[in-house]
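The listed protein sequences correspond, in order, to chains A and B. Quick note on numbering: the numbering used here labels position 21 of the first sequence as 21, and the sequence is numbered without any gaps. Each number in the numbering used here corresponds to the 1-based position in the second sequence with 170 added.
To be clear, the hints were calculated from the coordinates, so they are not data collected in a lab. Heads up, a few of these hints could be off.
[Said to hold, decoys possible] Label-pair distances were calculated between CB atoms; the ranges are:
1. B:Q248 to A:R34: 29 to 35 Å
2. B:R244 to A:A16: 18 to 24 Å
3. A:L31 to B:G255: 32 to 38 Å
4. A:L31 to B:R244: 39 to 45 Å
5. B:A270 to A:A16: 47 to 53 Å
6. A:A84 to B:Q209: 54 to 60 Å
7. A:A27 to B:R212: 16 to 22 Å
8. A:R30 to B:V211: 16 to 22 Å
9. B:S174 to A:A16: 27 to 33 Å
10. A:R2 to B:A233: 21 to 27 Å
11. A:R15 to B:A273: 22 to 28 Å
[What the hints assert, rightly or not] Now the stretches of chain B that chain A is said to cover, found in silico as 3 or more residues with beta-carbon under 8 Å:
12. 208 to 216
13. 230 to 241
14. 245 to 256
15. 265 to 273
All C-beta atoms, glycine included, are put in the ideal place defined by N, C-alpha and C.
Here's the letter readout for the chains.
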Amino acid sequence: MRTRLLVRLYPRAWRARYGEEFAAVLAERRLSPRTVIDVIAGAADAHLHPGGWHHERVAAKPGSRPVMLATSALLVPAFAYWLAVVILHRTVHTWPQSAERFFALPGLRQAWYWGPYLAGAIATFALVRVRVAWEPDGLAGTIRIRVRSAYVLVLGASILIGALTSDFRG
Amino acid sequence: MTRSLDELGRFLEPALLILVGLAEGPKHGYALMESAQSQGVRLGPGTLYAALARLEGEGWIEALESTDRRRPYRLTEQGRTHLGGELARLRRVVRTGLRALEAT
């Protein structure tokens with residue numbers, strides 16, 4: 001039972017390839033806390049480096065999934081949070097006259113801004129990574145992610161830079 | 171494009187132990203853990219399979235047909251070449267280190 005639970009920590013594609021033999025190895029061994037920690041770390045590695053077991057050379061090229069996903073994970077929540085803060089702040093408080101002041105980010109330098117942002121970044125990163133790890137078509141998935149990440153990167157960077165400069169001016 | 175063994179980062183040592191174990195002949199996962207243990211290294215199953223999967227991905231080892239749930243692996247020619255290169259490098263390190271220790 002515990003063996004099956006530990007094997008289930010791994011991505012589906014990994015389990016399809018190594019699951020049965022891995023379960024056999026676990027069954028031959030006493031499950032000490034050290035072994036459980038090792039297996040959890042191994043499962044995390046399999047999620048974080050899906051290419052480690054079938055297409056790592058594609059994924060390891062500069063600008064491919066790890067880098068782009070990390071960038072996306074930082075920018076997507078930043079954009080979402082910025083948008084929510086701008087709308088809420090401006091709705092509750094003052095409705096500025098100019099478009100420039102409307103898009104100024106309130107409270108950017110305050111700690112309360114960064115907490116939810118970091119939580120969002122980590123959650124997005126985890127979700128995207130898990131989804132990619134479970135994608136059966138490695139190369140096609142990589143290309144799709146690259147296009148999506150490049151789009152998010154450009155969009156997010158321009159909005160973030162705009163917000164930052166507006167804030168410092170205002 | 172093939173990579174060198176030291177590009178495996180933190181999986182270098184487990185990978186080396188697996189390759190050394192397989193140099194003796196085909197072995198399944200548990201036998202590889204015991205082989206590593208005989209070298210004084212306790213290899214956890216998570217670490218073992220992370221390294222094993224990378225080595226298989228590189229084409230340095232290959233899986234054989236299994237009769238039960240335990241699948242044996244064997245060293246490929248490419249794996250043998252890489253292992254030979256890495257062991258030669260380690261021999262140079264050991265020789266240099268020993269010489270330095272004797273001189274001081």
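Comparing the hints with the structure gives:
Take Q248 (chain B) and R34 (chain A): their Cβ atoms lie about 33 Å apart, and the range 29 to 35 Å holds. Checked against the hint of 18 to 24 Å, the pair R244 (chain B) and A16 (chain A) passes, with Cβ atoms roughly 22 Å apart. In this structure the supplied range 32 to 38 Å holds for L31 (chain A) paired with G255 (chain B), their Cβ-Cβ distance being about 37 Å. For L31 (chain A) paired with R244 (chain B), a C-beta distance near 28 Å fails the hint of 39 to 45 Å.
The hinted range of 47 to 53 Å is satisfied by A270 (chain B) and A16 (chain A), whose Cβ atoms lie roughly 49 Å apart. With their beta carbons about 56 Å apart, A84 (chain A) and Q209 (chain B) fall inside the hinted range of 54 to 60 Å. Between A27 (chain A) and R212 (chain B) the beta carbon distance is about 18 Å. The supplied range of 16 to 22 Å therefore holds. Take R30 (chain A) and V211 (chain B): their Cβ atoms lie about 18 Å apart, and the range 16 to 22 Å holds.
At roughly 29 Å, the beta-carbon separation of S174 (chain B) and A16 (chain A) lies within the given 27 to 33 Å, and the hint holds. Between R2 (chain A) and A233 (chain B), the C-beta spacing of about 26 Å keeps the proposed range 21 to 27 Å intact. At about 53 Å, the beta-carbon gap between R15 (chain A) and A273 (chain B) misses the expected band of 22 to 28 Å. Residues of the stretch 208 to 216 of chain B with a Cβ under 8 Å from some Cβ of chain A number 3, which satisfies the need for three, so the listed coverage holds.
Residues of the stretch 230 to 241 of chain B with a Cβ under 8 Å from some Cβ of chain A number 5, which satisfies the need for three, so the listed coverage holds. Against chain A, the stretch 245 to 256 of chain B contributes 0 residues with a C-beta closer than 8 Å to a partner C-beta. That does not satisfy the three-residue criterion, and the hint is violated. Check result for the stretch 265 to 273 of chain B against chain A: violated, 0 residues qualifying (beta carbon to beta carbon below 8 Å, three or more required).
In this structure, the hints that do not hold are numbers 4, 11, 14, 15, in rising order.
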